[in-house]
Amino acid sequence: MKNIAIIGSGSWGVALGIHMAKLGNNIKIWSFLKEEADLINVNRKCKFLPDAEIPNNIIATQSFEECIKDSDYVFHVTPSKVTRNVVKQYKEFIKNQPIIMCSKGFETETLNTLDEIIKEELPNNPIAVFSGPSHAEEVSKAVPTAMVLASTDNKLLEDLHELLKNENMRIYLSNDVKGVELGGSLKNIIAFCAGSLIALKLGDNSFAALLTRGLTEIARLGGALGGNPETFYGLSGLGDLIVTCSSQFSRNRKAGMLIGEGKTIEETRKEVGMTIESIDNIEVAYKLGKIHKIDMPIVNTVYDVLYNGLQPREAVTKLMTREKKFE
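The opening position of the sequence shown corresponds to residue 644 in the numbering used here, with each subsequent residue numbered one higher.
By construction, these hints were calculated from the structure, which means they are not laboratory data.
The hints are all genuine.
Subject to a maximum C-alpha distance of 20 angstroms in a straight line, what follows is the list of computed DMTMM-like cross-link-like pairs (lysine to aspartate or glutamate):
#, residue 1, residue 2
1, K967, E957
2, K798, D715
3, K930, E750
Model, not experiment: these values are computed from the prediction.
Taking the hints into account, I'd like the entire structure generated from these sequences.
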């Protein structure tokens, strides 16, 4: 039995809490909003997971100190855009606990990955990244799921494997922190595009082309940023890409559908009602592609849809009529 601090009471933070609580651990979840903490503590419910039952060994709090005090591990699960600000608020309460990054995305201002933020703000703490094809709705219901834990600290990997594994959660291990994190971040862009294809009522052929060529772009950029290209064809790359592009639960796919239907970015954010990592990630990936001189036609085209007024139907034509290439 371990004492676990989870920073973030969104769907993924609560789903991880439910999973670890069922394994007998004591869970404290930090929530930004009092209403979310009260819903967990009083009603044993999460507004993002309406069908999930919250075990009694989960407590929510708005106090970083209360959440982190006496914890053995800290799981960070907040939107990428607030990651540094939140870490700055809780780092005074951190001792030597490992920090497990469970969020996916980039810091828009610096183009940093989220593990780099942790290294900058908490340079003396062990770090791991936890990623893979894992919708919170299914994890909260104990649907069999396979995930990847990445760290350069093999002892930490072994300890976390023992903490998280059971018959419904299979854990694979990796030392490629950068590759595992980038796969989880970049796939959201392709999921956004998948939603637009659905809105445009295109078919399976288009969907298969998008996933295949999208994965190529992910591997190109991910390799240039220090990831092992093989990692992107595993669970945190291809696996996460498949589940995010094909699932009704994907908020990134839903965002792409709304943009494909003609909604603005502001209207899309309001309708989805949850963090949409893909919209911010598209801007970061576009800039990183330019910096590293990576050929990324899908990313460049969807950037033009979001920020330069290109219509989604015209974007498809633009991609389909590019000059010939060897695969």
